[in-house]
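Asks: One letter stands for each residue in the lines below.
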Amino acid sequence: MRIGDFKETYAADEAVFRSTTSRFWLGVLFVLLLIFPFIASDYLLYMANLTGIAIVAAIGLNILTGAAGQISLGHAGFVGIGAYTSAVLTNHLGLPFLICLPLAGLMSAFFGILVGAPSMRMKGLYLCITTLAAQVIFEFIFVHWESVTGGIRGLNVPPPSIFGLKIDGEFGFYWLVLPVIILTATAARNLFRTRVGRAFIAIRDRDISAELMGINLFRYKLYAFASSSFIAGMAGCLWVSHLKTITPEHFPLHESIRYLAMIIVGGLGNILGSIFGAIFMTLIPEVLQTALKFFEQFKPEAMAYLYPLQTVVFGLLIVVFLVFEPHGLAEIWCRIKNYFRLWPFKH
Amino acid sequence: MNIFLILLTSGIAVGGIYALIALGFVLIYKATSIINFATGEFMMIGAYIFYTFTVMLGWPAIPAFIMVMAGAALLGMLVEFSILRHMLGQPTISIVMVTIGLSSILTGFAEIIWSSDFKSFPPLFPRSPIILGDVIIRSNLFWGFVVAMVTVALFAVFFKYSKIGIAMRATAGDQMASYSMGINVRTMFTTAWALGAIAASLGGLIIGNIGGVQPNLGSIGLKIFPVVILGGLDSIGGAVLGGFIVGILENIAGGYLDPYFNGGVKDVVPFIILVVILMVKPYGLFGRREIERL
Numbered sequence: 001m002r003i004g005d006f007k008e009t010y011a012a013d014e015a016v017f018r019s020t021t022s023r024f025w026l027g028v029l030f031v032l033l034l035i036f037p038f039i040a041s042d043y044l045l046y047m048a049n050l051t052g053i054a055i056v057a058a059i060g061l062n063i064l065t066g067a068a069g070q071i072s073l074g075h076a077g078f079v080g081i082g083a084y085t086s087a088v089l090t091n092h093l094g095l096p097f098l099i100c101l102p103l104a105g106l107m108s109a110f111f112g113i114l115v116g117a118p119s120m121r122m123k124g125l126y127l128c129i130t131t132l133a134a135q136v137i138f139e140f141i142f143v144h145w146e147s148v149t150g151g152i153r154g155l156n157v158p159p160p161s162i163f164g165l166k167i168d169g170e171f172g173f174y175w176l177v178l179p180v181i182i183l184t185a186t187a188a189r190n191l192f193r194t195r196v197g198r199a200f201i202a203i204r205d206r207d208i209s210a211e212l213m214g215i216n217l218f219r220y221k222l223y224a225f226a227s228s229s230f231i232a233g234m235a236g237c238l239w240v241s242h243l244k245t246i247t248p249e250h251f252p253l254h255e256s257i258r259y260l261a262m263i264i265v266g267g268l269g270n271i272l273g274s275i276f277g278a279i280f281m282t283l284i285p286e287v288l289q290t291a292l293k294f295f296e297q298f299k300p301e302a303m304a305y306l307y308p309l310q311t312v313v314f315g316l317l318i319v320v321f322l323v324f325e326p327h328g329l330a331e332i333w334c335r336i337k338n339y340f341r342l343w344p345f346k347h
Numbered sequence: 001m002n003i004f005l006i007l008l009t010s011g012i013a014v015g016g017i018y019a020l021i022a023l024g025f026v027l028i029y030k031a032t033s034i035i036n037f038a039t040g041e042f043m044m045i046g047a048y049i050f051y052t053f054t055v056m057l058g059w060p061a062i063p064a065f066i067m068v069m070a071g072a073a074l075l076g077m078l079v080e081f082s083i084l085r086h087m088l089g090q091p092t093i094s095i096v097m098v099t100i101g102l103s104s105i106l107t108g109f110a111e112i113i114w115s116s117d118f119k120s121f122p123p124l125f126p127r128s129p130i131i132l133g134d135v136i137i138r139s140n141l142f143w144g145f146v147v148a149m150v151t152v153a154l155f156a157v158f159f160k161y162s163k164i165g166i167a168m169r170a171t172a173g174d175q176m177a178s179y180s181m182g183i184n185v186r187t188m189f190t191t192a193w194a195l196g197a198i199a200a201s202l203g204g205l206i207i208g209n210i211g212g213v214q215p216n217l218g219s220i221g222l223k224i225f226p227v228v229i230l231g232g233l234d235s236i237g238g239a240v241l242g243g244f245i246v247g248i249l250e251n252i253a254g255g256y257l258d259p260y261f262n263g264g265v266k267d268v269v270p271f272i273i274l275v276v277i278l279m280v281k282p283y284g285l286f287g288r289r290e291i292e293r294l
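Chains P and W supply the protein sequences, listed in that same order. My numbering puts the first residue of the first sequence at 1, with every later residue one more than the last. My numbering puts the first residue of the second sequence at 1, with every later residue one more than the last.
None of these hints come from the bench; they were simulated from the model. Any given hint could turn out to be false.
[Claimed, not checked] To be clear about the criterion: a stretch of chain P counts as covered by chain W if any three or more of its residues have a C-beta under 8 Å from a C-beta of chain W, and this derived list gives those stretches: (1) 64-77; (2) 124-131; (3) 318-326.
Where a beta carbon is used, it is the ideal one built from N, C-alpha and C, also for glycine.
Starting from the given sequences, assemble the full structure and let the hints guide the process.
Replies: This is the structure:
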């Protein structure tokens, strides 16, 4: 319950977490996250790590698509570039994880700027199709630049090391993902409060008005592309350190669409939304698969019909959320929170 | 035999088929400003309807052909009526994502209904390859091209002379003005979806006749984007020309460059052309530059 919540300073009003209540629950969440790996099974940890990587990638996409309003169909390509960069750096130069992570991000950001460059002259759907072209071209490079990417067979990577310490297994990896998530989420949340982030939102809402207010559209769109793909590159580095193998099949167009689905289902332009969306879209297929395995015991012959159901559900989720809940899970969460804000009193 | 001529002719033939599918895309975009990422899936459904009637029910080709058009029109209207009508006035990303979600739904249902196995049509045209002077073309490709061109021509005549066609062009030009002239704009949207679906499904039928049907047949639909962007999203003539350009260039590039890259050049060349064209002409070759008023 939150009553008597008055602000006396501007600093208090501008704080990210405004009330003691929210700070308290955030603390609880943090403690739970710290305890989680000690009590969870290996499978749960594996799922948590996958979700974590998805969260980082989704936050990246949400900066570009959610905040700056530039639809990107090439996000998986940027994740892939980060992953390949990190794999090549570890394999050939033996660089440790902490150096690979920013370098993978920088490489992705470089390509992000390259893909964003046409935004000088076009926007909207035309730009969206350019990112689609980027995705297709990246995939082609992953498959065909065999001397570097290993072609279809891909690359194998040794487990990541930090300060000479080999991180192997799900438990160790959890401690890599968690700080990166916290870092990116904090950075992104604060980005939206700065001059640059405000400019992104202004561009999304009405680019012409933004330009009239003195925002250099081209420059800020490039910032958006760069920061988004930087985070995507880091997600790629995490990805390759987690799976320890990488092939072009890991980064198809469908993966880009999955990231878009995450931020749509979670909530566009909302950091909490990207987190919710990534968790939701990673867990739903798992839950569906478990349910289908359960049915398989009774009717094994119906499986051929039920497995494609996952594709249907994926599409339905996107459509249903867009038609009925366009602000996503974050909005639902907000409503629930507001309900409990004064609970048990009505007003 | 001259390899360049062979690549050129098969490129023209493929380009004609692209033109038909692109027509289906542009029809919808022009009338409703909705970019339809499910065009490829409309193609796939069309091919499957044809498969159902000819192979599973044993109908002759012509009635099955008519059923494909009827089924596609129904599908298009259903999609417009049940989903996209509610998306009017939403931001671009919502509309793009809704059609992407729709494509996923259609693929899933196709897999449930027809399974993911490879299916092929009974032979529709005489098997013997067509010989034009020096060049030999596969008969399926040649007849596919002929059917595509006839359909595109029929569509052109329809838009030029029929009452509905003129009303649709008016709606695309100015919605307010067409309202005041007594055109039912909503019906025009539905008609556009039906016609767009018909064009796409006929394209799918032709492609299915050449290479067989599978639930992922729709992924060919991605190549439509270079085609339509090249011509400019809202230009029907541009879509047709774009189809030919992409078909010819991808065939020639594929033919000459594939040995150096171990294949796959054909699939990426259209997108490279797309990026190059957009760098020079941001609204495609024939697209109208949008003038924004505040």
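Asks: Taking 8 Å as the Cβ threshold, is the statement that the region 318-326 of chain P is covered by chain W upheld or broken by the three-residue rule?
Replies: holds (count 5)
Asks: Test coverage of the region 124-131 of chain P by chain W using CB-CB distances below 8 Å; three residues minimum.
Replies: holds (count 6)
Asks: Confirm or reject the coverage of the region 64-77 of chain P by chain W under the rule of 3 or more residues with a beta carbon closer than 8 Å to the chain's beta carbons.
Replies: Check passed, 3 qualifying residues.
Checked against the numbered hints given earlier, this structure breaks none of them.
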